[in-house]
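Q: Just so you know, the sequences run in chain order P and L. So for the first sequence, the working numbering puts the first residue at 1; every next one is plus one. So for the second sequence, the working numbering puts the first residue at 1; every next one is plus one.
Source of the hints: derived by calculation from the structure; they are not laboratory data. These numbers come from a predicted model, not from an experiment. Every residue gets a Cβ at the ideal spot worked out from N, C-alpha and C, and that includes glycine. Errors might be hidden in some of the hints.
DSSO-like mimics (lysine-lysine), calculated; alpha carbons at most 27 Å apart, straight line [said to hold, decoys possible]: (1) K501(L) - K597(L); (2) K209(P) - K127(P); (3) K17(L) - K105(P); (4) K105(P) - K209(P); (5) K375(L) - K410(L); (6) K598(L) - K501(L); (7) K575(L) - K501(L); (8) K185(P) - K375(L); (9) K410(L) - K519(L); (10) K105(P) - K134(P); (11) K209(P) - K557(L); (12) K423(L) - K105(P); (13) K598(L) - K209(P); (14) K597(L) - K575(L); (15) K410(L) - K423(L).
Distance windows between CB atoms, simulated [to be verified]: (16) I104(P) - E467(L): 26 to 34 Å; (17) G523(L) - D89(P): 31 to 39 Å; (18) E467(L) - L43(P): 50 to 58 Å.
Partner residues aside, some chain P positions facing chain L, computed with beta carbon under 10 Å [to be verified]: (19) K127; (20) T128; (21) M203; (22) Q205.
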Amino acid sequence: MNIPGARILVVEDDVQMRRFLHTALTARDFDVVDAINLREARLFSTATPVEIILLDLGLPDGDGIDFTRELRGWSHVPIIVISARGREDDKVMALDAGADDYLIKPFGINELMARIRVALRRASMLKTGFSQEKTLEIGPLQIDTVRREVRMNDCLITLTPIEYRLLLHLAKNAGRVLTHQHILKEVWGPNYTHQTHTLRVFMAQLRRKLEVDSAHPQLLMTEMGVGYRMRDSWE
Amino acid sequence: MMNIVEGGYPIAEHLAKENILVCITANPASVWTIQAAHRLAQSLNASWMAVTVDTPDYGYVLSKENRQKLLGYMQLVESLGGATVRLFGQSVHQEIIRYAREQGVTHILIGRSESNRWQERFHSSLVHDLIQNSGYINVMCIASPETISQGFIMDSDHPSNRWFGYAVSLLAVMITTMLAIWGRHILTAPDLVMLFFLPIMGIAFQFGQGPALMTSTLSALSYNYYFIYPYFNFSLTDPKAVLTINMLFTVGIIISNLMNRIRCQELESRERERQTDALHRLTREVMTTLDDGQIAQIITRHAARLFGGEAAICLEDMDGNINLTAATPNDFYPLNTAMNLIRRCCVFNTPTGKGTDHLSYSELIALPIYTSRTKGALVLRIVDSNLLSKDQFFYESFAHQVSLAIDRAKLSEEVRMTAIRAKEEELRSTLLSMASHDLRTPLGAIIGAGTAIRDDQGGLDQTQQHELLETICSEAERMERLIGNLLDMVRLESGGCHLRKDWIPFEEMIGTTLVRLEKQCQGRLITVKGDEKIPMLFVDPVFFESVLVNLLDNAIKYTPAQSEITWIVERLGEKVVILLQDQGPGVPPGEEEDIFKKFVRGKIEGIPGSGLGLAICQGVIQAHDGTIQVTNRATGGAEFRLILPHPPLPQDIFQSEQYENSGGIAV
Numbered sequence: 001m002n003i004p005g006a007r008i009l010v011v012e013d014d015v016q017m018r019r020f021l022h023t024a025l026t027a028r029d030f031d032v033v034d035a036i037n038l039r040e041a042r043l044f045s046t047a048t049p050v051e052i053i054l055l056d057l058g059l060p061d062g063d064g065i066d067f068t069r070e071l072r073g074w075s076h077v078p079i080i081v082i083s084a085r086g087r088e089d090d091k092v093m094a095l096d097a098g099a100d101d102y103l104i105k106p107f108g109i110n111e112l113m114a115r116i117r118v119a120l121r122r123a124s125m126l127k128t129g130f131s132q133e134k135t136l137e138i139g140p141l142q143i144d145t146v147r148r149e150v151r152m153n154d155c156l157i158t159l160t161p162i163e164y165r166l167l168l169h170l171a172k173n174a175g176r177v178l179t180h181q182h183i184l185k186e187v188w189g190p191n192y193t194h195q196t197h198t199l200r201v202f203m204a205q206l207r208r209k210l211e212v213d214s215a216h217p218q219l220l221m222t223e224m225g226v227g228y229r230m231r232d233s234w235e
Numbered sequence: 001m002m003n004i005v006e007g008g009y010p011i012a013e014h015l016a017k018e019n020i021l022v023c024i025t026a027n028p029a030s031v032w033t034i035q036a037a038h039r040l041a042q043s044l045n046a047s048w049m050a051v052t053v054d055t056p057d058y059g060y061v062l063s064k065e066n067r068q069k070l071l072g073y074m075q076l077v078e079s080l081g082g083a084t085v086r087l088f089g090q091s092v093h094q095e096i097i098r099y100a101r102e103q104g105v106t107h108i109l110i111g112r113s114e115s116n117r118w119q120e121r122f123h124s125s126l127v128h129d130l131i132q133n134s135g136y137i138n139v140m141c142i143a144s145p146e147t148i149s150q151g152f153i154m155d156s157d158h159p160s161n162r163w164f165g166y167a168v169s170l171l172a173v174m175i176t177t178m179l180a181i182w183g184r185h186i187l188t189a190p191d192l193v194m195l196f197f198l199p200i201m202g203i204a205f206q207f208g209q210g211p212a213l214m215t216s217t218l219s220a221l222s223y224n225y226y227f228i229y230p231y232f233n234f235s236l237t238d239p240k241a242v243l244t245i246n247m248l249f250t251v252g253i254i255i256s257n258l259m260n261r262i263r264c265q266e267l268e269s270r271e272r273e274r275q276t277d278a279l280h281r282l283t284r285e286v287m288t289t290l291d292d293g294q295i296a297q298i299i300t301r302h303a304a305r306l307f308g309g310e311a312a313i314c315l316e317d318m319d320g321n322i323n324l325t326a327a328t329p330n331d332f333y334p335l336n337t338a339m340n341l342i343r344r345c346c347v348f349n350t351p352t353g354k355g356t357d358h359l360s361y362s363e364l365i366a367l368p369i370y371t372s373r374t375k376g377a378l379v380l381r382i383v384d385s386n387l388l389s390k391d392q393f394f395y396e397s398f399a400h401q402v403s404l405a406i407d408r409a410k411l412s413e414e415v416r417m418t419a420i421r422a423k424e425e426e427l428r429s430t431l432l433s434m435a436s437h438d439l440r441t442p443l444g445a446i447i448g449a450g451t452a453i454r455d456d457q458g459g460l461d462q463t464q465q466h467e468l469l470e471t472i473c474s475e476a477e478r479m480e481r482l483i484g485n486l487l488d489m490v491r492l493e494s495g496g497c498h499l500r501k502d503w504i505p506f507e508e509m510i511g512t513t514l515v516r517l518e519k520q521c522q523g524r525l526i527t528v529k530g531d532e533k534i535p536m537l538f539v540d541p542v543f544f545e546s547v548l549v550n551l552l553d554n555a556i557k558y559t560p561a562q563s564e565i566t567w568i569v570e571r572l573g574e575k576v577v578i579l580l581q582d583q584g585p586g587v588p589p590g591e592e593e594d595i596f597k598k599f600v601r602g603k604i605e606g607i608p609g610s611g612l613g614l615a616i617c618q619g620v621i622q623a624h625d626g627t628i629q630v631t632n633r634a635t636g637g638a639e640f641r642l643i644l645p646h647p648p649l650p651q652d653i654f655q656s657e658q659y660e661n662s663g664g665i666a667v
């Protein structure tokens, strides 16, 4: 993992918040670049190669969501939104605009580090490409994409075609929050994006097959009102 | 002349549906007619009213017996759910039709008996006149089994056309002359003159000025010809005779003028009654509502009908822009074309437009609405411009009435807003007092611990420093939870929460609840029981999650560590019941309802909390049309019982089952 030395762009207008992020991230060997508004963010994100962006939404000269859309036009650099806006709509909007993750302030540094790690790993996987990987391994879960076999703690699991597609999509994006709309579009197709209840039933069935206690999932996590996330850290 | 309207009902109903008018008299056959009207009204689901018309034939006075009968019939009408109206006028059919048009009546019912058939040969009957003049209104004749002896409603409509009047006056003079000739030997000259005054008075009263003038002229000529020497000659030789003729003529003119004035006054007062009635009805209907939009709508509807045109109310908003508040018909939109007119009317607070002193070339008229709270104009398009000059006063009193109604609506709106503000204020003050205490406590710990580390001069060892940092973090987290609850509460209280209900498995809700309370749940046995394979709830996931989190958090806080907590989900027909059972001390008797109130907390010392959790639960459950209760279990511990509506599941929700059976892939 290329955390040490990775260049991280922190877009945040609050001085104290910036100081905390700068200090904490520098202490963890990141190369931190600070931007206090969108203008600087645009400048730094184009002028220097950045490996990850931490983005506050309410900035003095504009909204971070617009910046996210703009950036997604030409770059896949992972974006983690850090915002005090805690409503589910805000989350969905940022994720749908192309953000990779969404952290609500206040958050702990461990939480932030976990999200950064996930985002960087995904970015490196995007570079090498998924298609070459024959097996995905996420904690106790193994998916053999060639033979379409799913194992949980080395036990074979029987899945329906949709359940398999759903699981595979979550696994490929392990650690990321995927919105309901995104999952429905990718797994069922663009005409099914309003059928969140169908998705929920499928998730419940997947949990029954994969989780030890389906009411207390360890692998398939719910982001209430937003979507789902496959847990990927198993320390 | 009087116009009594008894029994009221909103006029809106008249326009929306059938409206029946039944003509009644003191005749016993009226009972038959009333019953027929009642039956018809029931079958058409229509509103209905009974009308009697008093005519001058009997000097507007009924015999005592007839009045008793009529009162009885009116009571019958009211007991059957109809309204009763008494009208006064010259012509029964005209009065009935005028009133029917005004009230938007669709059917007129009138009794008809065998006995008045023969009358029709000589007079045009009331039924006939009604049918002739009713226009779009249906007229129905109700045959009665009894014979009508003497109807109170008489056809008093003497053909009022001029020629008939003149013919009658000619006839009257002829008869008077004959009487005079016959009685010339008995009567003295002054008596003869007096005799000739009689037809003048009668004609003036019945037919107005023209025929009266003709009667006086004819009387003078006839008197001259027959009774003044030289007889059978129009020449006048005696100066006394000239005086007599002149007197006859002059008195005739004066009488006819007086009579004419009485007639005019009568017409005028009838018109005034009509207007008073209209204002009265407007006021009464406006009184039943408080919403200013609705009031404006009612006013325009009344105005449009009353003035026989189109009406709109335009009011100024806070920024001084004039907006259309209501219009009848709905597509009447004077703002584009008559902005000038409306502005001028608002600014100068005077009637403006057609028929007034300002902008009189306009085809619209704007009447000012001026209250302490708002300014505006009632804009009218009136088809019959004659109405304008005549009814200036009425227009103004109508506009005044409108101003009062709108002022009242604005006032009640203000009262409502004040009440809301007072409630918000109360919430704010509670929140403030809470913020000052409950938020300051954790902040105190954070600042204390933080400064202890910052200003440390080497006195703290590694463990102590770590302890202080631990304090900072946990207190900050406590504050975060508190703020979250406060925000939830404010969202619920402000009424701004829009539930986004969706079908969601109960397990999933419990899953996220357990994740959110991961730390608190350490070492706890939390079980979920249900009778269905995948119990589904139809709730707003985000709000409902906060219910489960608060309930579980509550249960964990108030029960001994290691004790078991159980969730149970059951379907009961169209309801779903969620139970949370714990093994704690339960709820103190008598506090089962209080614990759901805001800022009410358990009496056990040392348990942190804001007293908001259960209030939020109740708020959210009520927003879902459900109920929440707490009871103590027989075996010990508390049981929270949530009951929620459970609508039918969408058909496609378990489509996955089919897949599993048919196309499952063995992996």
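Q: A separate judgement is required for each hint: does it hold in the structure or not?
A: Okay, the hints, checked on the actual structure:
1. K501(L) - K597(L): 25 Å, holds
2. K209(P) - K127(P): 32 Å, violated
3. K17(L) - K105(P): 60 Å, violated
4. K105(P) - K209(P): Not satisfied, since the Cα-Cα distance of roughly 35 Å exceeds 27 Å.
5. K375(L) - K410(L): Holds, at roughly 11 Å.
6. K598(L) - K501(L): 25 Å, holds
7. K575(L) - K501(L): Within the cut-off at roughly 15 Å; holds.
8. K185(P) - K375(L): 54 Å, violated
9. K410(L) - K519(L): 54 Å, violated
10. K105(P) - K134(P): 38 Å, violated
11. K209(P) - K557(L): Distance ~33 Å between K209(P) and K557(L) Cα, so the pair is violated.
12. K423(L) - K105(P): Violated, at roughly 31 Å.
13. K598(L) - K209(P): 42 Å, violated
14. K597(L) - K575(L): This hinted pair holds, its Cα atoms lying about 25 Å apart.
15. K410(L) - K423(L): 20 Å, holds
16. I104(P) - E467(L): 26 to 34 Å: Cβ of I104(P) to Cβ of E467(L): about 28 Å, so the range 26 to 34 Å holds.
17. G523(L) - D89(P): 31 to 39 Å: 36 Å, holds
18. E467(L) - L43(P): 50 to 58 Å: Once the Cβ atoms are compared, 44 Å apart, the range 50 to 58 Å for L43(P) and E467(L) is violated.
19. K127: 30 Å, violated
20. T128: 26 Å, violated
21. M203: 7 Å, holds
22. Q205: 6 Å, holds
Violation of the numbered hints given earlier is confined to hints 2, 3, 4, 8, 9, 10, 11, 12, 13, 18, 19, 20; the remaining hints are satisfied by the structure.
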